[in-house]
Amino acid sequence: MLKTFKIGGVHPAENKLSASKAIEVLALPKTVFIPVGQHIGAPAEAIVKKGDKLMVGQLIAKSSGFVSANIHSSVSGTVKKVETGPDTSGYPKMGIYIDVEDDIWDEQIDRSADLKSEINLDSAAILAKIQNAGIVGLGGATFPTHVKLMPPKGMKAEVLLINGVECEPYLTSDHRMMLEHGEELIVGVKLLMLALNVDKATIGIENNKPDAIAKMSGLAARHKNISVIPLKVKYPQGGEKQLIKAVTGREVPSGALPISVGAVVTNIATTFAVYEAVQKNKPLFERVVTVTGKTVKNPSNFKVRIGTTVSELIEAAGGLPENCGKIINGGPMMGKAFANTEIPVSKGTSGILIMPEKEAKRSETMPCIRCSRCVSVCPMGLEPFLLMTLSERQVWEQLETEKVMDCIECGSCSYTCPANRPLLDFIRLGKVKVGALIRSRKP
Amino acid sequence: MGKLFTISPSPHVHSGDSVNKIMYGVILALLPAFIWSVMMFGLDSVRVTLIAVAACVAFELLIQKFILKVKPQIADGSAALTGVLLAFNVPASVPSWMLIVGALVSIGIAKMPFGGLGNNPFNPALVGRVFMLISFPVNMTSWPVAGSFGVDAVTAATPLALLKEGIKSGQPVVEILKGLPANMDLFLGNMGGSLGEISALALLLGGVFMLIRKIITWHIPVSVMVSAAIFSGIFWLIDPTKFADPIFHLVTGGLMLGAFFMATDMVTSPMNPKAQIIFGAGIGILTILIRFWGAYPEGVSFAILIMNALVPLLNRYVKPKRFGEVKIQSTKG
Ligand code: SF4
Ligand code: SF4
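Here the protein sequences line up with chains R and H, keeping their order. Start counting the first sequence at 1; every next residue gets the next number (my numbering). Start counting the second sequence at 1; every next residue gets the next number (my numbering).
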């Protein structure tokens, strides 16, 4: 029996259309727009102004606190303006417009493709490099990685988990990364272990990627404290709490962080970024993005400079299909819909999913038939039908006792509901209200 | 800016399951039992089923259109399903007009006043059936003899009724059972009874179909049958001269129909596995209690309705297992 998490879960059609497509480097854009807030936490502060000449990898916005992250230029050229512009949230956000000229890199960066596996830094030095490089969780959560790697006082990390699950349908960037950069990833894992001072790391990979499991297992076999665990395919296994449960059997208590059971989770793309930052002095200014969809001519995995416009990625994948109804930043279960394609790729863009018009619309909502399917698929053991009702009736206190804040917004409930009820929409609303209620209680 | 695309919150995909698929799936699962009833009771089965379905759908349509003044939702299949289930719970010989009264009670009293689909506390088909049983006791307890096509006059009692009468008149159970078909025949459906309840085998087929299609889960049917078997088994072991064996109880009356098709009605059953098992066990035990000591020979309908009434309580106090429902270890933090 393959390991997996115990409560709930669904299995949406995988549709990994681009799984066999090697990562391609996307042509340089002519201009980029780089938002200064691409992470959870305080936005960075721009330190460049109009007319400044930039190199690739140069710091352009400085982290403005502990929970914040540096932003580096992804191109060389001239700052056109520092102004608000479109970003993935749909609201105008402050950022830096750069006209691209040539491709001149900061010479600190090692641009060779050679594997650098020898590590000669201590924990503090590794952490400093990760922080300077502006690395955030690249799975989509964009939580600054250095914060995760420094457990709060009194808590100690015991095990590092690498999330190679990629449980969202359609997305394949982590899969490709494992196949093409396995060696670098293993070095990245060792760097993270050193930074955290743990002696055990486990890479969890779902069983629908046997080639990645084989590749990573082969590489991990040479390191006795790194192991690879194949997992049964089940969404949302990439959720931190679900992954920890699946791999270690430990259950993160309600309301607590993974570190409370001694676990730290990072994903594949983030681990690769750590390798590049520490071993190659390369800040985070490019990432791999899957561009996909059933109507996309050429589903692909592109290596893209941050700030490149989404429309350029879509062009490179064969152009926008005529019947396109929805464009999603990320996967179909948790991704956010874009209103248009003139939006820049940011650190959290793991995929661009294009859905045809007929799949873009939701079906008509019917009355709840109390089938309890939403309850049986909820990975947090909640009762989504009840949470939705309570949220509709605005009884926030009861919503809190029914554990609405435990909801990880995985969408399994809405996905499953035969009555097409917008369960998660109402649960999100409830979480906002209950969150405010909880904060208002604190002195 | 160019074209604007649909913005809606995640998730952006759906399983494709729907209320209609569930309702029509259950109706499909009732097909084997329907075919069997036509083989046993002939065209009367067709008449009763068609009239019940037509009446339920018509009443729902009329109520939605003229009283509630909302867009009719009869295409969801729930009214049709109530009709089929009502038909399956009455003798094939029941007069059509009585059936129409039953349908009116099912839809007009048990379902729509509570808010229609999803809001009724009691299983509508069973409310209709029990109303008919109380109002028309003679017609509701005269059973056409299985296989006696179209011969109206011939009626026979159900095995459960014969058992009850026999016990009342002081006969030992073993003797009564000798006069009844063997358990195997009962399992296949060679007995008198309501239109759709007689063949445990046909119902089991439908039940397995629903389990495979994930329309229902095992919790309710299994807990109903296991609890009925254990509870009746205890008494049978204590005194086999007074009590029939558990197999007999499983294959007679409406137990199979109730376990797979009536108790599993989503609207009127609990919302998580733990609560469903308690619910099912309650039905199994109450059924046997009524069969042993109640006024009626059969008790499935009453048992289910009683447990329906407890569903809100079960939902409130029996919660699913939450993730992370553990104490934070004091050694950390
Ligand atoms: S979105 Fe929340 S409530 Fe719905 S299944 Fe996921 S965790 Fe449960
Ligand atoms: S899945 Fe939908 S119809 Fe079923 S209980 Fe949940 S909300 Fe109601």
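Hints are computed from structural coordinates only; laboratory data are not their basis. Possibly wrong hints are sitting among the right ones.
[Claimed, not checked] To give an idea of the interface, some chain R residues facing chain H are shown, with a C-beta separation under 10 Å as derived from the structure:
| no. | residue |
| --- | --- |
| 1 | L2 |
| 2 | K6 |
| 3 | M333 |
[Claimed, not checked] Anything over 12 Å on all C-beta distances counts as not near chain R; from chain H, calculated:
| no. | residue |
| --- | --- |
| 4 | P9 |
| 5 | S18 |
| 6 | V19 |
| 7 | L133 |
| 8 | G170 |
| 9 | L177 |
| 10 | M184 |
| 11 | I212 |
| 12 | K214 |
| 13 | I216 |
| 14 | I234 |
| 15 | W293 |
[Claimed, not checked] Within a straight-line C-alpha distance of at most 30 Å, the following computed DSS-like cross-link-like pairs (lysine-lysine) qualify:
| no. | chain 1 | residue 1 | chain 2 | residue 2 |
| --- | --- | --- | --- | --- |
| 16 | R | K6 | H | K242 |
| 17 | H | K69 | R | K3 |
| 18 | H | K321 | R | K3 |
| 19 | H | K178 | H | K242 |
| 20 | H | K21 | R | K16 |
| 21 | H | K21 | R | K294 |
| 22 | H | K65 | R | K6 |
| 23 | H | K71 | R | K6 |
| 24 | R | K361 | H | K214 |
| 25 | R | K6 | H | K319 |
| 26 | R | K358 | H | K21 |
| 27 | R | K30 | R | K431 |
| 28 | H | K214 | R | K358 |
| 29 | H | K178 | R | K361 |
| 30 | H | K178 | R | K232 |
| 31 | H | K178 | R | K433 |
| 32 | H | K214 | R | K6 |
| 33 | R | K53 | R | K30 |
| 34 | R | K431 | H | K69 |
| 35 | R | K294 | H | K214 |
| 36 | H | K321 | R | K232 |
| 37 | R | K431 | H | K71 |
| 38 | H | K178 | R | K3 |
| 39 | R | K361 | H | K69 |
| 40 | R | K232 | R | K62 |
In this text, a Cβ means the ideal position worked out from N, Cα and C, and glycines have one as well.
Can you give the numbers of the hints that this structure goes against, from lowest to highest?
1, 4, 5, 6, 12, 13, 16, 17, 22, 23, 27, 29, 30, 31, 34, 37, 38, 40
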